[in-house]
Amino acid sequence: MAFSFRPVDATFYDLFAASAQHLVVGAGLLAEMLAEGADRDAVAQRMREAEHQADETTHEIVRRVNSTFVTPFDREDIYALASGLDDVMDFMDEAVDEILLYEVAEIPAELSTQVEVIQQCAEITAAAMPKLRSMKDLTEYWIEVNRLENAGDKTFRRILAKLFSGEFKALEVLKLKDIVESLEHAIDAFEKVANTVEQIAVKES
Amino acid sequence: MAFSFRPVDATFYDLFAASAQHLVVGAGLLAEMLAEGADRDAVAQRMREAEHQADETTHEIVRRVNSTFVTPFDREDIYALASGLDDVMDFMDEAVDEILLYEVAEIPAELSTQVEVIQQCAEITAAAMPKLRSMKDLTEYWIEVNRLENAGDKTFRRILAKLFSGEFKALEVLKLKDIVESLEHAIDAFEKVANTVEQIAVKES
Amino acid sequence: MAFSFRPVDATFYDLFAASAQHLVVGAGLLAEMLAEGADRDAVAQRMREAEHQADETTHEIVRRVNSTFVTPFDREDIYALASGLDDVMDFMDEAVDEILLYEVAEIPAELSTQVEVIQQCAEITAAAMPKLRSMKDLTEYWIEVNRLENAGDKTFRRILAKLFSGEFKALEVLKLKDIVESLEHAIDAFEKVANTVEQIAVKES
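Protein chains in written order, with full-length UniProt numbering: chain A, 1 to 205; chain B, 1 to 205; chain C, 1 to 205.
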């Protein structure tokens with residue numbers, strides 16, 4: 001019979017699951033933002049709301065960790081995981097904001113490839129959070145995120161090479177480079193979340 | 001009657017206060033650097049001296065933490081706070097250096113808005129450091145830094161949109177973008193310091 | 001008679017030495033990549049192999065830390081050191097990749113100065129790793145890395161000023177700036193490794 005020796009505040013798991021779920025929403029909005037004929041103002045507005053809700057969840061985790069005596073894992077790891085998930089949302093929000101503000105004329109198709117990587121990362125991260133309870137079957141998750149991050153890295157450099165090829169005007173290159181870097185940072189932030197989960201699992205095992 | 005159960009080396013608090021005070025000086029020099037008709041060479045020289053003094057304080061904290069048996073809070077948190085304050089100074093110094101070296105022709109007024117945010121961050125950080133002793137009344141400090149960082153973030157993206165609007169030549173955009181990013185990094189570094197203080201306060205409470 | 005009170009898995013020291021040795025190889029390849037008349041495709045291919053081998057060493061350290069009961073120092077510090085060394089390799093690999101992909105016409109001589117700094121950092125890091133066993137004579141190492149990082153920082157800003165001087169076309173500036181930043185990140189990553197070693201030494205002393 002398996003049981004836990006520590007009475008823990010179960011809602012931490014629910015909050016992390018909610019936090020990752022916001023990322024699935026954000027990644028979807030990012031994809032909408034890139035779609036041809038998108039109402040960029042409207043999508044950016046919904047993104048701001050999603051980001052605000054994600055913030056609320058992060059604050060709820062921090063409040064709870066400060067007022068709870070027994071936490072399911074180390075306080076520092078809870079902070080690291082909560083702020084790691086929050087960072088992803090911030091980078092997705094940044095990308096949406098940049099697309100809106102910079103009034104980019106034409107967005108190269110390669111950017112959609114990166115957003116698909118982000119959507120996949122969001123989905124497997126959301127699927128992994130409930131497994132924190134048992135700390136089981138998480139290995140596949142962080143291996144897959146690392147694989148996606150490597151693929152994203154290759155696409156990232158290929159996009160930059162294309163931007164620098166002479167096909168685009170210098171100002172357009174600057175705008176697109178900023179957006180592509182925000183996407184890259186979002187993917188890196190997913191990897192950091194996965195690394196945090198790995199370290200928590202190692203400690204608790 | 002309130003008293004401390006732990007005999008601690010009180011000078012850590014003084015050193016953190018001194019470290020944050022260097023940031024007030026640095027932020028002032030940054031503002032001078034942007035002023036019209038500034039003697040940029042002279043201001044940059046004073047900035048280098050301020051940065052050097054800040055370095056000395058950081059090293060003094062590290063030396064002391066290595067030679068002291070009982071520290072007021074965790075050694076790792078002392079390192080994190082000391083290096084966090086040091087990072088702010090480095091980014092302010094970087095901005096000053098860039099303004100000098102890149103020989104920027106015209107600095108858009110929006111940059112002064114960012115430097116004002118930096119000056120406010122420096123002042124409330126300096127005011128917060130002495131409160132580490134009692135760990136009281138710090139909440140307002142980190143809420144305010146977070147608010148300032150959010151405001152700074154919005155200004156940052158607005159400045160970039162302006163730089164990319166076609167009003168500036170590509171090379172000027174590149175120079176100004178570097179400077180604006182250094183200011184942004186300084187503000188982010190202030191937020192990181194506030195987060196470290198928050199975590200210390202949570203642990204010690 | 002000096003002896004250790006803790007039976008430890010000695011191979012951690014060997015693995016860190018191997019990890020740093022990969023950096024010496026990587027720094028050498030970086031220098032080859034900049035040499036006039038270099039077969040960039042061939043050098044980049046060897047860099048990918050070196051990076052792959054470095055990855056293997058990092059994974060071996062992580063596997064071992066997860067399966068070993070007594071580690072020579074804190075698990076978290078082992079992770080930090082392993083991933084810090086890995087980060088250096090990633091930045092060197094990134095620089096090589098950028099030189100290949102961006103098809104940079106002419107590489108300014110100043111970049112070789114930065115690569116020499118990287119080579120020196122790699123050599124003294126590799127020389128320092130075996131000293132982790134005794135934790136002796138490490139002070140000189142981290143002071144020297146900090147000195148090199150400061151020198152590299154000055155060169156970095158001078159190169160940027162040159163890139164922004166009007167001598168280069170905007171697109172070439174963008175390409176070269178990316179490469180110079182990757183070199184700068186590699187040097188910063190060496191400094192971070194040195195800081196981690198310093199913190200480990202302080203804890204263990």
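Calculated directly from the structure, the hints in this document are not laboratory data. Only a predicted model underlies this, so the values are computations on that prediction, with no experimental measurement involved. Take these hints with a grain of salt, some might be off.
Distance condition first, Cα-Cα at most 30 Å in a straight line; then the derived BS3-like pairs of lysine-lysine [to be verified]:
id, chain 1, residue 1, chain 2, residue 2
1, A, Lys169, B, Lys162
2, A, Lys177, B, Lys169
3, B, Lys203, C, Lys169
4, A, Lys154, B, Lys177
5, C, Lys192, A, Lys169
6, A, Lys154, C, Lys177
7, C, Lys131, A, Lys162
8, A, Lys192, B, Lys169
9, B, Lys169, B, Lys192
10, B, Lys192, C, Lys169
How the hints compare with the structure:
no.: 1; hint: A:Lys169 <-> B:Lys162; verdict: holds (17 Å)
no.: 2; hint: A:Lys177 <-> B:Lys169; verdict: holds (17 Å)
no.: 3; hint: B:Lys203 <-> C:Lys169; verdict: violated (53 Å)
no.: 4; hint: A:Lys154 <-> B:Lys177; verdict: holds (26 Å)
no.: 5; hint: C:Lys192 <-> A:Lys169; verdict: violated (37 Å)
no.: 6; hint: A:Lys154 <-> C:Lys177; verdict: holds (19 Å)
no.: 7; hint: C:Lys131 <-> A:Lys162; verdict: violated (45 Å)
no.: 8; hint: A:Lys192 <-> B:Lys169; verdict: violated (37 Å)
no.: 9; hint: B:Lys169 <-> B:Lys192; verdict: violated (34 Å)
no.: 10; hint: B:Lys192 <-> C:Lys169; verdict: violated (37 Å)
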